[in-house]
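> Chains as they are written, first to last, in the numbering used here: chain A, 13 to 277; chain B, 13 to 277.
Accuracy of the hints is not assured; some may be wrong.
Claimed, not checked - 25 Å max Cα-Cα, derived SDA-like pairs, lysine to any residue:
hint, chain 1, residue 1, chain 2, residue 2
1, B, 65, A, 274
2, A, 273, B, 131
3, B, 266, A, 158
4, A, 60, B, 269
5, A, 259, B, 155
6, B, 179, A, 169
7, A, 273, B, 65
8, B, 65, A, 61
9, A, 266, B, 131
10, A, 204, B, 180
11, A, 188, B, 166
12, B, 137, B, 167
13, A, 65, B, 64
14, B, 60, A, 270
15, A, 186, B, 167
Said to hold, decoys possible - Example chain A residues on the side facing chain B (calculated, C-beta under 7 Å, incomplete):
hint, residue
16, 51
17, 162
18, 166
19, 252
20, 253
Derived from the structure by calculation, the hints contain no laboratory data.
Every residue, glycine too, gets a C-beta built ideally from N, C-alpha and C.
Given next are the chains, with one letter for each unit.
There are 2 protein chains.
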Amino acid sequence: MKANRPIGIFDSGVGGLTVLREIEKILPHEDIIYFGDTARVPYGNKSKATVIKFSAESIHFLLGKRAKMVIVACNTSSSLALDYLTNNFSVPVIGVIEAGVKRALKATKGKKIGVIGTRSTIQSKSYEKAIHRKDRTVKVLSRACPLFVPLAEEGILSGEIVEEVIKMYLSTMKAKGIDAIILGCTHYPLLKRTIALYLKNTHIVDSAKEVALHAKEILRRYYLFNRNKKKGKVEFYVTDEPQGFLKLAKLFLKRQIPHPKVLHV
Amino acid sequence: MKANRPIGIFDSGVGGLTVLREIEKILPHEDIIYFGDTARVPYGNKSKATVIKFSAESIHFLLGKRAKMVIVACNTSSSLALDYLTNNFSVPVIGVIEAGVKRALKATKGKKIGVIGTRSTIQSKSYEKAIHRKDRTVKVLSRACPLFVPLAEEGILSGEIVEEVIKMYLSTMKAKGIDAIILGCTHYPLLKRTIALYLKNTHIVDSAKEVALHAKEILRRYYLFNRNKKKGKVEFYVTDEPQGFLKLAKLFLKRQIPHPKVLHV
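All chains should be modelled from the sequences, with the hints used to inform the complete structure.
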């Protein structure tokens, strides 16, 4: 029965675990297969053609595992590859852009939204386009923040260095008076508290929760809820040896996870 | 004639251009094929098995282009994969570790050498082992510096942020009195001046020049000097679309390069 198949979550690496955490909360009976392309991470500085190719390969794997739906947790892949993926696979494929945009539009009063992400995400203008499809009058201020991922992965989440880097990236949009900001990369929620200290009175949108609500809506629409009453199982697959993934997973999920299986790409 | 074939330079991305620059100076009549695995860069946090696999694939490509010798410019690959590569390919394959070590041992008076590199390079202890094979009495202080690559690629080469990051990574080895430091990653020479300001009276070893001298010695030993009297040609190959590579190449080489060809991995 199709409804009892797992949900696939795809990310370039470990960051998509923030989405996994929200899916587990909102859809506790669903089985989940998490796939992290850790051998080829990060995607954030890579071209559209390469991101499409790597993403499609990853989703082929999840479909081989009989996923009934795929969530693209990676913002770069959602920005560059989602059109291709939704057009070329038969199961529902959802990304993180629309969900974050929906929340930010609700939050902004002054119609000025900041968007931060990897270089490829920002260059794609995916957030800007999605915002303007819903409201042309909103001003969007974007900035690529390539140092945020390594800072998060180094566990440097507060203190002088990260404060200076935040100021360097965000001072312009702060001065221009944004009142909502989209964290357009799965790593950035780790820096949320320090960003909030700098951007006072700004609504900070973390797409993970929003995309989980969106996933629930899709399951409802296609009659795909898992009818099992027990807690869902989670399996992990990665493309590099799992030591690095396991270490970072603790930072993201604040719990131990079972040993991932390794697939060689 | 084998001697007239090109030299292959392999790097995970753009950083190996620092080695290319030195080879061009020291061996101006040699043809060169530069291969940067930009679709899968960086290697610095990846496992030994994955780095061996990606490196071997890249070298197969260079051998297909009839390289008479291969220089592994990437420190992570030199640290994790060189044994495998020298044992499994029939042309000479040289890495950057031995060359840097030789120079540092000449430079140190107090027999205290600092080594910095990516997480995988430092974890492999490749520099430490190479130093101790030559002199067991030298004290080696190592530190992984994962923020240096994104800082260099962002062009943040001086100023408060990079000074604070340098202090965070290097204060311990400075306090312990190193008098030579090996920049064990091809990106770090871009930060050389700011590192030198912090580590006064410390000899800074950039392996690029040393490995070029080593390459010359190998060509001499195997009678492989190109006898052409004209300037050698350089061809570039990358695995991702070339825009990002071209932009960074200017930062590393301080000149324009011809458009690289793209190979899809």
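> Are the Cα positions of residue 259 of chain A and residue 155 of chain B separated by 25 Å at most?
18 Å, holds
> Holds or violated: the hint that residue 166 of chain A contacts chain B, with Cβ atoms closer than 7 Å.
This hint holds: residue 166 of chain A lies near chain B, its Cβ roughly 6 Å from the closest one there, short of 7 Å.
> Residue 162 of chain A was flagged as interface toward chain B. Is the shortest Cβ-Cβ separation under 7 Å?
5 Å, holds
> Holds or violated: residue 51 of chain A as interface residue toward chain B, Cβ cutoff 7 Å?
Hint on residue 51 of chain A: holds, closest Cβ of chain B at ~5 Å, below 7 Å.
> For a C-alpha distance cap of 25 Å, please report whether residue 60 of chain B and residue 270 of chain A respect it.
22 Å, holds
> Taken at face value, is the distance from the CA of residue 167 of chain B to the CA of residue 137 of chain B at most 25 Å?
29 Å, violated
> Given the hint that residue 273 of chain A pairs with residue 65 of chain B, test it: the Cα-Cα distance must not exceed 25 Å.
Distance ~18 Å between residue 273 of chain A and residue 65 of chain B Cα, so the pair holds.
> Holds or violated: the hint that residue 253 of chain A contacts chain B, with Cβ atoms closer than 7 Å.
3 Å, holds
> Keeping to a limit of 25 Å between CA atoms, is the pair of residue 65 of chain B and residue 274 of chain A held or broken?
This hinted pair holds, its Cα atoms lying about 14 Å apart.
> Checking one constraint from the list: CA of residue 179 of chain B to CA of residue 169 of chain A, max 25 Å. Satisfied?
17 Å, holds
> Can the restraint linking residue 65 of chain A and residue 64 of chain B be considered satisfied, given a maximum Cα separation of 25 Å?
It holds: about 22 Å lies between the C-alpha atoms, which stays within 25 Å.
> Assess, step by step, whether the Cα of residue 65 of chain B is no farther than 25 Å from the Cα of residue 61 of chain A, and give holds or violated.
Satisfied, since the Cα-Cα distance of roughly 23 Å is no more than 25 Å.
When the structure is compared with the earlier hints, a violation turns up for hint 12 alone.
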